[in-house]
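All chains should be modelled from the sequences, with the hints used to inform the complete structure.
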Amino acid sequence: MNLLTNIISGLSLGSVYAIIALGYTMVYGISKMLNFAHGDVIMIGGYMSFVMTMYMGLNGWLALLVAMAICTLLGITIERLAYRPLRGTGSLAVLITAIGVSYFLQNIALLIWGANPKMFTSLFKGMKPIHAAGGQLTITMESVFTILANIVIMILLTLFVNKTKAGKAMRAVSEDNGAAQLMGINVNQSISLTFAIGSGLAAVAGVLMLSAYPVLMPTTGAMPGIKAFTAAVFGGIGSIPGAMIGGLILGIIEIFSRAYISTELSDAIVFACLIIVLLVKPTGLLGKKISEKV
Amino acid sequence: MADKKDMRDERHDIDISDSGHAYENRQEIYYNDNVGGRAVFVDSKEQYDPDEPYNDQVFIPEKDRDKAPILQVKNLGIDFGGLTAVDNFNLTLGRTEIGGLIGPNGAGKTTIFNMLTKVYEPTRGEIFFDGKSTKGMTTVDINKAGMARTFQNIRLFDKLTVEENIKVALHHTTNYGLIDGMLHTPKYRHEEFRIRKEAMKYLKIFGMTKTADYRAGSLPYGAQRRLEIMRALATKPKLLLLDEPAAGMNPSETSELMETIREIRDRFQIAVFLIEHDMSLVMGICEGIVVLNYGRVIAKGWPEEIQSNPKVIEAYLGKSRGKMEEEEEKEKADIEKALRKGRLESAASGKPDRKEGE
Amino acid sequence: MAERILKNISSRGLKNAVKGNEYRREASISYGILIGGYILFQILAAAGLIGHNLQGQFVPICVYISLAVSLNLVVGISGELSLGHAGFMAVGAFSGILMSRILGQSMSFEPAIIIISMLFGALIASLAGFVIGIPILGLRGDYLAIVTLAFGEIIRNFMNVLYFGFDGNGRLRFAFNHTIEGVENNDRIITGAIGATGTKTMATFTWGLLLCLFTVFIVLNLKNSKQGRAIMSIRDNRIAGESIGLDVRKYKLMAFVVSAALAGMAGCLFGLNYSTLVPVKFNFNTSVLILVFVVLGGVGNIWGGIIAAALLTVLPETFRQFADYRMLTYAIVLILVMICTYNPAIKARITGIWAKINPVKKKSGSSGKGKGKKSRKGAA
Amino acid sequence: MKKNWTKFVVVALSCMMAFMLAACGGGGSSDAGEASPVLLGNTGPLTGPAAIYGNAVKNGGQLAVDEINAANPDGIQLAWQAEDDEADGEKAVNAYNKLMDDGMKVFIGSTTSGSCVAASEKAFEDRVFELTPSASQVAVTEGKDNVFQLCFSDPNQGVAAADWVVANMADAKVGVIYNNASDYSAGIFDKFKAQYEASGKQLVAVEAFSDDANTDFQAQINSMKNAGADFVFLPIYYTPASNILIQADKIGYAPTFFGVDGMDGILTLEGFDTKLAEGVMLLTPFIATAEDEATQNFVAAYKDAYGEEPNQFAADAYDCVYAVYGAMNAAGLDASASHEEICEALIAQFAGDYVASGVTGAEMEWNEAGEVNKTPNAMVIENGVYVPVK
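Residue numbers (the numbering used here), protein chains in the order written: chain A, 1 to 294; chain B, 1 to 358; chain C, 1 to 380; chain D, 1 to 390.
Errors might be hidden in some of the hints.
Computed cross-link-like contacts, DSS-like style, restricted to lysine-lysine with a CA-CA straight-line distance of at most 25 Å [stated by the list, open to error]:
id, chain 1, residue 1, chain 2, residue 2
1, D, K173, D, K275
2, D, K144, C, K200
3, A, K32, A, K163
4, D, K201, D, K173
5, B, K187, B, K67
6, C, K200, A, K32
7, A, K288, A, K168
8, B, K135, B, K197
9, A, K128, D, K275
10, B, K74, B, K132
11, B, K67, B, K135
12, B, K210, B, K197
13, A, K125, D, K201
14, B, K311, B, K63
15, B, K63, B, K132
16, B, K187, B, K197
17, B, K135, B, K74
18, B, K74, B, K63
19, A, K32, A, K281
20, B, K144, B, K187
21, C, K250, A, K281
22, C, K250, B, K144
23, B, K132, B, K144
24, B, K144, B, K197
25, D, K275, D, K250
26, B, K135, C, K250
27, B, K201, B, K187
28, C, K250, B, K187
29, D, K250, A, K128
30, A, K125, D, K144
Treat the hints as calculated values from the structure; they're not laboratory data.
Structure representation (structure tokens):
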């Protein structure tokens with residue numbers, strides 16, 4: 001029973017990582033940059049939703065939509081102002097700028113909302129948890145919805161990328177920027193769209209994460225961001241199903257190592273697993289093999 | 001961490017200090033039949049039969065017959081996924097032979113170079129380099145054994161200077177360890193002084209000493225090609241593989257290059273095996289030529305033979321022999337165009353391809 | 001023929017060619033900045049023109065300079081992105097502190113303690129670099145970056161459960177939990193997350209300068225040696241490097257280990273500058289901070305890294321006047337500086353304006369426009 | 001062009017350097033004129049994950065200074081300056097030095113322990129009197145005659161908590177969840193474990209977490225549950241503690257939770273359902289809902305000024321300022337005294353018979369080691385307010 005409980009909390013945590021990792025992986029795929037500010041977009045999404053529900057009295061689900069819209073705009077703005085001027089100058093410069101953006105978002109949040117943590121009200125407040133196996137096993141609604149949301153998002157996103165014109169354009173740009181441009185694809189638009197989707201999903205991830213783990217602070221997004229980035233690499237950065245698998249595995253490893261090995265070293269174990277995976281599969285579980293024409 | 005002093009010091013112990021003079025004496029060298037003369041085949045009348053598995057020892061220039069061949073390739077083949085890129089490739093290269101490998105674009109020429117240097121592991125067949133099988137060797141081992149190559153899309157160390165590019169190639173003959181390198185001990189200074197002089201000697205071959213301090217990546221295209229050859233040569237190889245050395249050069253540069261390749265062979269007494277689309281170069285210096293199409297050898301022989309070989313012409317022209325004369329005229333123009341185009345294409349593809357590698 | 005080619009080259013190509021070998025220049029500028037800065041600040045400090053705040057930062061500035069230079073060996077010279085440099089700094093710091101405490105039991109001659117501790121820190125950090133480097137250097141690009149990040153975090157996580165202390169006989173003992181056998185709680189030197197406390201602060205500006213000089217000396221020398229050339233050529237073109245017989249892993253590992261050793265040394269001096277040191281200090285943010293120095297100073301540019309490290313260490317302090325907006329200002333400045341230094345259009349404009357107002361007007365502007373860009377872009 | 005660019009960079013950087021020199025060096029010249037107030041300095045994390053504590057101290061100190069200046073226009077005037085140290089020893093030393101440049105006379109410590117140890121080393125060298133509001137590690141005061149703590153030291157808290165548990169909860173099966181990456185939490189746990197086990201009892205479960213993984217506590221809570229712990233000691237701050245309460249509630253695990261002073265603040269967490277905190281016990285010297293007049297005045301004034309409930313950190317800082325002010329008056333100092341003079345006079349006071357009272361303790365006395373003597377009260381949360389444990 002314990003095992004099942006742990007698997008469920010692992011899947012739930014992993015689903016949060018997976019949704020965040022999507023943002024990393026899509027942005028990486030299309031612009032080959034590590035967007036370290038992504039974790040902080042989650043935090044902004046959380047604050048937005050918090051403000052909407054607590055101060056504006058909006059319904060939680062409506063607040064989620066508003067937060068998504070704001071994060072989408074935020075993502076596009078960040079890309080436009082901070083990353084686009086540096087496009088084509090190598091990934092390092094953009095990486096540092098992304099870190100600058102991350103500091104910026106954290107400190108803006110600190111100035112606006114103060115250092116005191118806020119307790120986020122769960123989106124699923126009032127819904128009764130599922131009890132199974134004679135009360136031995138408790139599954140919270142947060143877990144159920146997080147896992148469901150992860151699956152739905154993954155399916156929708158895969159359909160979008162494979163079936164729609166905009167999605168195909170995104171794939172073309174991530175395959176070969178220059179060629180896509182020659183084929184008449186608006187590269188700027190595609191990249192903006194990617195940031196928009198990634199940031200919108202970050203808001204969803206933020207709300208889901210905070211529903212389960214409700215402490216909201218200006219630094220809330222930082223560590224989940226790094227973990228999700230790890231998850232994206234785990235699954236093969238640039239691959240959408242990879243992000244999902246990477247996130248889920250990471251979540252399960254984290255919960256399991258905490259439950260069965262050591263709570264003190266759980267992070268070390270997670271990172272050690274990442275290293276082992278990369279040693280066996282140097283481009284992650286579902287990553288494309290990098291081959292170089294000689 | 002002193003690197004093992006390997007055998008290559010002795011490998012070509014030829015004094016290259018007076019390379020300046022070499023150019024002045026060029027006339028003599030080129031008209032010396034013993035060294036630079038055209039290859040003579042044992043039985044030149046006999047046509048090469050590509051279907052016979054291994055029939056190839058005979059194609060060695062006369063001057064190299066008394067020495068063991070530098071390279072023997074038997075039934076070499078490679079598959080990518082289900083696709084056979086090269087199959088049943090056989091070759092014997094004389095100790096000081098200049099061999100040519102030609103064929104239409106996509107025939108698998110560079111793939112063969114990549115197999116020889118172990119960038120790709122061959123699926124089938126054997127390679128004997130200097131009498132030893134190269135099975136299990138890596139690219140690094142291959143170079144240490146004495147095979148050096150250039151690349152179709154130039155691969156220089158762009159941010160290093162011209163001189164440093166040569167010095168890197170002299171790495172294994174530079175005799176000091178990490179501690180000497182970090183602390184710049186007298187040993188370091190002595191060795192650096194020595195290899196600087198040596199690097200300059202190599203640069204002299206192509207008359208590039210004045211460019212020594214420039215970044216390799218900022219050199220003009222032709223100079224980069226020459227530098228790449230020098231860099232390969234500085235690893236003191238027994239066999240030099242050149243992948244389209246004349247790509248992107250104008251006719252006068254090409255003829256200069258041709259002469260220099262021959263001179264390198266003569267001075268260092270090494271074998272050269274080259275891929276080239278420029279027929280004037282191939283026909284001008286190659287002693288034996290192999291023609292490849294769709295991954296298979298379709299002809300082997302000396303230049304005149306190849307020029308008149310119907311299979312070769314077919315490979316380049318398609319089935320055009322039976323057609324009307326005017327069409328033939330047109331085709332002939334096309335062939336020239338195609339050959340020239342091949343050159344330009346490979347020249348053009350050089351830069352963007354290189355970017356991928358970074 | 002040779003002459004003809006030369007003429008060809010000089011008439012067509014060399015106009016756009018860039019002179020590359022600038023070791024002497026780079027070395028003299030680097031040493032000049034360090035020694036000049038040291039003398040200047042010593043004089044200013046002696047004259048009482050510098051406040052406590054800046055004086056207190058002399059040692060950390062030197063440490064960060066040294067870290068930036070050593071990270072440049074991996075990022076600039078070897079061309080690999082490392083996000084775990086603080087991990088090596090941590091290893092060096094804690095092992096150096098341990099060594100200083102052991103020596104402190106029987107020795108009182110501080111210079112010897114500092115030197116031995118720093119060498120010990122460097123040794124342990126290089127061992128860590130070696131152990132970490134062997135498996136991962138086959139990875140490429142961003143995958144290597146994430147693994148270095150992971151290792152940095154693992155090292156720090158590990159530090160959180162590491163306990164060291166002297167037992168009754170003055171012997172060093174360690175454990176992975178709170179109670180170390182035979183060790184009184186007050187005799188613990190390193191106490192997991194609480195870190196090292198009670199360190200005797202020995203570091204001075206002069207030691208900082210020596211550390212910087214040593215680091216720059218090693219890195220510049222290495223850059224201008226056969227090993228350095230091998231490392232750089234693998235960076236520029238791995239396949240070509242293999243084709244001329246260079247063992248890629250060996251040279252990547254070499255850069256990684258030397259860099260780790262130097263970082264360990266710097267970490268040790270850092271540890272000896274504060275009476276307490278917690279493992280949290282060496283988190284991802286610190287790794288990134290060092291990387292920022294390197295990128296801002298120009299990847300591969302040693303003296304650029306020196307200046308960037310010094311300035312960016314002092315910068316947040318000068319922003320104290322902005323009070324609550326301090327870190328926000330820092331973030332904005334960081335983004336703007338990155339855009340201004342790397343965006344081609346903005347850079348060209350700044351260069352143009354600068355050329356106009358340049359006090360020393362030289363009519364030597366014959367060279368092409370894109371060059372500065374090209375050389376500064378580095379191995380990005 | 002390249003040369004131009006390089007030159008531009010060099011000149012621009014030198015300009016910045018000059019600017020910084022001016023900015024950094026300028027402060028040192030402030031001389032102690034008669035009218036200038038006595039500057040009390042503080043460093044604490046005003047940004048970053050620990051910003052809540054630094055800001056609380058900053059506000060509490062400011063409130064006390066404003067009150068004192070308003071109440072005693074003829075007495076010694078005080079000034080308050082809090083600098084950001086990001087809870088980092090290195091930055092704390094920088095911030096401390098900045099305060100010295102600005103003419104600090106008394107150092108109201110660093111807010112967090114790790115940075116306080118580093119900064120108090122400097123204060124000891126510079127002979128600046130230091131009274132830290134909240135840095136509870138022993139190393140803060142150890143070997144430094146001029147450094148005093150207003151809060152409990154970690155060991156004292158751990159020992160007090162263990163003693164209390166042994167005395168009052170003799171039959172409980174005790175489990176602990178602590179933050180192994182926090183010096184505060186690990187420090188308390190350390191002593192708690194030693195003291196508790198010295199009484200011949202064993203902890204049934206010990207689990208840790210780190211700052212990097214402070215969201216999901218399922219594993220730790222399950223471990224407590226499975227070990228049958230009915231009394232869980234949480235020597236952690238209230239933020240992760242609130243997370244633990246919520247997640248324990250979700251799986252229906254309801255032991256008695258027992259916290260220390262860091263637990264205070266849990267009731268005022270914005271958006272937190274205080275029902276979850278029902279029955280939580282804590283050992284703390286300060287509670288915002290206390291009935292006495294001093295506390296109520298302080299809480300009211302604080303809410304008025306900053307719009308939020310003060311937590312223990314704010315109260316500690318508030319008390320620090322009053323304690324220092326009182327001691328300065330008791331020593332007969334005036335505003336023109338140098339920081340060395342103030343230091344020696346205050347050491348004599350604090351190490352001597354000086355008694356201060358404030359919102360975190362009625363009669364606080366200090367020993368020569370710098371530790372404060374005050375009694376923590378065991379409180380339990382009932383109906384959303386603290387009441388003393390019967």
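- Check each numbered hint against the structure and report the violated ones by number, ascending. 5, 6, 8, 13, 14 and 30
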